[in-house]
Amino acid sequence: MSLARRLRDSLPLLPFLTVVVIFLIIPTATVVVGSVYTDGVFSLDRIEALFTGTALSALLDSVLLSGATALLGAVFGAVMAWLIVSSPSTSMVRRAVLSLCSVLAQFGGVALAFAFLATVGLNGVLTLWVQQVFGFNLAGSGWLYSLSGLILVYTYFQIPLMVIVFVPALEGLREQWREAAVSLGASTWAYWREVAIPLLTPAFLGSALLLFANAFAAYATAAALVSQGSPILPLLIRASLVSEVVLGQAGFAYALALEMIVVVAVVMAAYNLLVRRSSRWLS
Amino acid sequence: MNTSPNPPRLTSRVFAVAASALLFGSAVACAPPEKDNSNAQTESGVNAAEATSAGDFGGMEGLVEAAKAEGELNVIALPPDWANYGAIIKAFSDKYGIKVNSAQPDASSQDEINAANQQKGRSSAPDVFDLGQSVALANTAMFAPYKVETFDDIPAAFKDADGTWVNDYGGYMSIGFDSSKVPPVTSVDDLLKPEYQGKVALNGDPTQAGAAFSGVLMVALSQGGSADDIAPGVEFFRKLKEAGNFLPVDPTPATIESGQTPVVIDWNYTNSAETKKLPSWTVLVPPENPVAGYYYQAINKDAPHPAAARLWQEFLYSDEGQNLFAQGGVRPVRADNMLADGTLDPAVAAALPVVDGPVTVPTPQQTEAASKYLAENWAAAVG
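If you read the sequences in order, they're chains H and X.
Mapping to my numbering: the first sequence position 135 is 135, numbers consecutive.
Here my numbering runs 1000 ahead of the position in the second sequence, where the first position is 1.
Hints are computed from structural coordinates only; laboratory data are not their basis.
Do not rely on the hints blindly, as some may be mistaken.
Computed footprint of chain H on chain X; a stretch qualifies when at least three of its residues, placed anywhere within it, have a C-beta under 8 Å from a C-beta of chain H [to be verified]: (1) 1245 to 1253; (2) 1371 to 1378.
What follows is a list of derived Cβ distance ranges for each label pair [said to hold, decoys possible]: (3) X/Ala1156 to H/Ile22: 47 to 53 Å; (4) H/Leu17 to X/Ala1157: 26 to 32 Å; (5) X/Ser1102 to H/Leu100: 35 to 41 Å; (6) H/Val262 to X/Glu1288: 50 to 56 Å; (7) H/Ile22 to X/Leu1339: 20 to 26 Å.
The following residues of chain H were derived to be distant from chain X, with all beta-carbon distances above 12 Å [claimed, not checked]: (8) Arg8; (9) Leu11; (10) Leu14; (11) Leu17; (12) Val63; (13) Ala68; (14) Gly121; (15) Phe134; (16) Gly142; (17) Gly149; (18) Glu179; (19) Thr188; (20) Trp192; (21) Val242; (22) Gly248.
The beta-carbon is built from N, C-alpha and C at its ideal position, and this holds for glycine as well.
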């Protein structure tokens, strides 16, 4: 194929390429450059600052939060997806649940945070009601406003997301495979152990990684829920950018952003590997 | 069948991180063509961007005329219920027929500076700033010096000698509480009592928000600390957290009115503004150790509307502007002199909090040292 022809064939993708360059390539390059250049001088100070106490604990908490919610979301989401796929595809309930999942998977941010605050926060409706009726303090000493609260709230949108991405993999399991296994004398348990689970593992792990990246980069929900301290990376970036007390931290935000890009890049590379494995048989 | 499900949320999140990086890097990445204001002259031949007093316009009439010709004023980070800014903006706009564009009312002081840098040269850049102490003093190179007509009436401690910045109003750190929900607070120490379980909120994170910083300082003073020693304040909040009384929610008018934050440590004027909407909202300025803070008013030297920016200053420091500030529960910078010559509305003057004895205002050096201590210790104390 001549070069001119190749160029012409890729012409329709040009607008997309422009968008990617403006909104992904340039910002990424800016972040990389900004994290090692201070006032035009090359310096690794900002990268070094990533290995100090605050930044390390934010990284750890971010990974913990993303890991925990990815695991919880993946397990519960997979079970729910299996229940959904078990019902006939014409079922009203199935269609309703799937639609609901699509909505809930996007229901993050300030609205979700406020919903939890107003329900199980220290002065939430449910907290006050339980206190009155059972004399039990549901909100404890404010667990909702810390990492444990973030895990609960994030899991709320992780499970539906898992359902959405995992249902196609379950639907790809053909009935003939089960029939073949049964006709060869496999029990249901043997079918799951020898056939279904090995087939689904890459898709399951891939989806879990997707959930991890999803939680890792989420910002608005955490920002609305946690106002003291900056326990996770996106909040630490905000603090570096907008603080009116500790000034001159904008450069540190570049370094933190670079750190996040690296983590997400690693996760996405792993995700791609796994998806490639599962797509071999799914198609 | 979609075999490799697209991750729409993820990509949008990645984009969001990347895009926000782009935003603050845009000065480097795609600097817009800069509009040179330095030679912009009004019809009467005045270089508005370099005028240092109304005299440069040939008097107030000249300034008003030049500002009207510009027709617009960009302000930023001025919440309508903060220091009566809603009414001030309306009064200014009505008086001179100038359209006031109020951007990001809830932004922080640092956001104001970020916005000025990002939008430099564009017609949407902020014309004037209203900043907390540390941000103002760190960015004086971005301000245009200007002396309002009442400049000599402003005490020397509250202004830069050249008029690069001038304090516009101040207030005291206070404890606001809903008297219909909690027993009355009479001192800082009360907050540790079990009646305030899960009810005490601070307006922001003190390593980020100036108001919260002053709140911790106020608490520190009540615990035997000083402007040089904020540690007892952090220690108090650690105890508050341990007792389960600290409520780590960022208070807003919405959380106050819905009862989510029954006790709020904030400036007396933001707390007083709540009283207008929620009559049971009571404000206490702890009498033993009051902490005061003044805000810094300045003109952006790259203001897209240089004459309107200067007219805004004249308005804020006029008797009318200062009285409007006072109605918002803040102490206007000319309050003492206006009280003396009777130009401060007596009804308003009576409502201003009375504080006897010494008032603590941290110096920039003290603020810096305390910020450093907070950056290292705050998160561990309340996290």
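Structure-based check of all given hints:
no.: 1; hint: 1245 to 1253; result: holds (count 5)
no.: 2; hint: 1371 to 1378; result: holds (count 5)
no.: 3; hint: X/Ala1156 to H/Ile22: 47 to 53 Å; result: 50 Å, holds
no.: 4; hint: H/Leu17 to X/Ala1157: 26 to 32 Å; result: 58 Å, violated
no.: 5; hint: X/Ser1102 to H/Leu100: 35 to 41 Å; result: 40 Å, holds
no.: 6; hint: H/Val262 to X/Glu1288: 50 to 56 Å; result: 51 Å, holds
no.: 7; hint: H/Ile22 to X/Leu1339: 20 to 26 Å; result: 57 Å, violated
no.: 8; hint: Arg8; result: 27 Å, holds
no.: 9; hint: Leu11; result: 23 Å, holds
no.: 10; hint: Leu14; result: 19 Å, holds
no.: 11; hint: Leu17; result: 15 Å, holds
no.: 12; hint: Val63; result: 16 Å, holds
no.: 13; hint: Ala68; result: 18 Å, holds
no.: 14; hint: Gly121; result: 7 Å, violated
no.: 15; hint: Phe134; result: 17 Å, holds
no.: 16; hint: Gly142; result: 6 Å, violated
no.: 17; hint: Gly149; result: 10 Å, violated
no.: 18; hint: Glu179; result: 20 Å, holds
no.: 19; hint: Thr188; result: 25 Å, holds
no.: 20; hint: Trp192; result: 21 Å, holds
no.: 21; hint: Val242; result: 5 Å, violated
no.: 22; hint: Gly248; result: 7 Å, violated
Of the hints listed earlier, those the structure fails to meet are numbers 4, 7, 14, 16, 17, 21, 22, in rising order.
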